[in-house]
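Visitor: Based on these hints, arrange chain B on the given structure of chain A.
As you go down the protein sequences, you meet chains A and B in turn. Each step along the first sequence adds one to the number in the working numbering, with nothing skipped, and position 106 is 106. Each step along the second sequence adds one to the number in the working numbering, with nothing skipped, and position 147 is 147.
Possibly wrong hints are sitting among the right ones.
Put simply, identical chains are the same to the list, so a pair is met inside one copy or across any two.
As the list claims (entries may be wrong) - No more than 16 Å apart at the CA atoms, straight line, and that leaves these computed lysine to aspartate or glutamate pairs for EDC-like:
no., residue 1, residue 2
1, K147, E130
2, K147, E129
3, K246, E168
4, K281, D58
Everything labelled a hint here was simulated from the structure, so no lab data went into it.
The residues making up each chain are set out below.
Protein chains: 2
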Amino acid sequence: MKDLKTALGDNAKAVNRVLDDLLVMSGGPESRVVEAMRYTALSGGKRIRPFLVTASADLFNVNKTSALRVAAAVEMIHCYSLIHDDLPAMDNDDLRRGQPTCHIQFDEATAILAGDALLTKAFEVVAGEETHDSSTVRAELTLALAKASGEAGMVGGQMLDLVAEDHELNMPEVTRLQRMKTGALIAVSCEAGAILGKASKNAHHVLHAYAHDIGLAFQIADDLLDVEGDEKEVGKKTGKDAAAGKATFVSLLGVERAREQAQLLADQAASHLDIFEEKAKLLKDLAHYVVNRTA
Amino acid sequence: MKDLKTALGDNAKAVNRVLDDLLVMSGGPESRVVEAMRYTALSGGKRIRPFLVTASADLFNVNKTSALRVAAAVEMIHCYSLIHDDLPAMDNDDLRRGQPTCHIQFDEATAILAGDALLTKAFEVVAGEETHDSSTVRAELTLALAKASGEAGMVGGQMLDLVAEDHELNMPEVTRLQRMKTGALIAVSCEAGAILGKASKNAHHVLHAYAHDIGLAFQIADDLLDVEGDEKEVGKKTGKDAAAGKATFVSLLGVERAREQAQLLADQAASHLDIFEEKAKLLKDLAHYVVNRTA
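Next up, chain A with everything else stripped away, as it sits in the complex (with noise of 0.2 Å):
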């Protein structure tokens, strides 16, 4: 079996042939917007949970242009929901993934319909017949990710974020803002893999449980690169929790506790992972790879 390190970079190869055949210019002025979707969708990044998509999907051997098809379009979601968190009325960064970000590099009108139509191309992908031969299941997978990216998912995590700027949060409050804003994507990436796989309740259970801890983990460990990450491997702005004066885990729980605590639920995640045995290498290995990166 490939090691994880190979395994993210072939999978996120993988993603980038089917994201850039998915995103076609037609040659018409209006392929600017084409052209700055590409620009951010295609301009790298670690692939996390497309890799959830994939990885998952492994387990109960779904064929891979299905599973490569839901991977691309939860990136798409990912990346639209990076544009308009950039835009300078939200979080108003210049830098991400190294590089100026989609606002900069075109114009504001440009990336705000450029994050509009990756998550509308997301839901064409998620239907199109190319993506499962069940339409139930293609309905199912639409329903999940509307679910998770919507009002009472990532949206709402991030209109949560906005309106802590005027009062502190607590350790309560700040969890339940990074299950909404970065933790209902991770679930849902991992979801989808049984979906495709139509797994059973079980299945589904323990996958949720993995995406639940993976998804804490993952943002304790993206709140202690921001007090201790190095700017240009992370590739974004660093100290701008501490600067905007942002509750984080690590302000609430402080570096030493909140490593601990990362550490903690990347076993507790793999743990949960036991029942598929050798098949669960890969995620058992990315737990604890997303807690010790340092971009």
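Guide: For chain B alone, coordinates are given in the frame of chain A:
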């Protein structure tokens, strides 16, 4: 049979009830985004697109709940596009349907998120089991809606509109722009009835032809209102196109020929529906209504 005015009014009320049910405030601080979604989605408007869904669904005796959910989803997509289109980086409008636009009433960040969440919610609603017994129908609706709304449809049209600010468009270019920007969502509204009703290929084709003509007629009427309409009655700023030096059907054809062209298209739209006989009366009347409206 009801007359068109009564049917439009009844339909608007029914769609509003469904929107009211679907856009639920969770009670948490993130409810602010739902408040903004509701502010725009429940702010009135003629509800022509939802009417196209329910009236075309009626041609095939689709059950009301199915049709109204899809109608609500289409209205959500329309409203999201209004919210984002009104943003300072886009058209920078303060007034919409006679009320402050979403970013004026709330703030820019909330408006961006509310648009994102409405778009997402539309797919959640369409893919939901309550929408139709057949998952094939649900997946097909998702696909059609996404295609109409994305980079090759509505968003592409908005991009064209922005790019057009730098050079004057000719008649074929204006027609293409409007087919994408407003025509695609109008077309899919009619198509949705046929999908819900598992209609024949021919019925699909006929509704598509109707939608195409009514879409252009609608846009010409919009351009005429921008020149001749009363700001209070129209509910948004008028004279914008001329002030921006934008090529429109009216600037290219002149008022008289534009009006003639709109009437011609309305007649043509109605005649496509002859195969449905009396059943299509409301849709035929609508074709004439959209070109003669004063708001």
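Visitor: Of the numbered hints stated previously, which ones are contradicted by the structure, given in increasing order?
Guide: none
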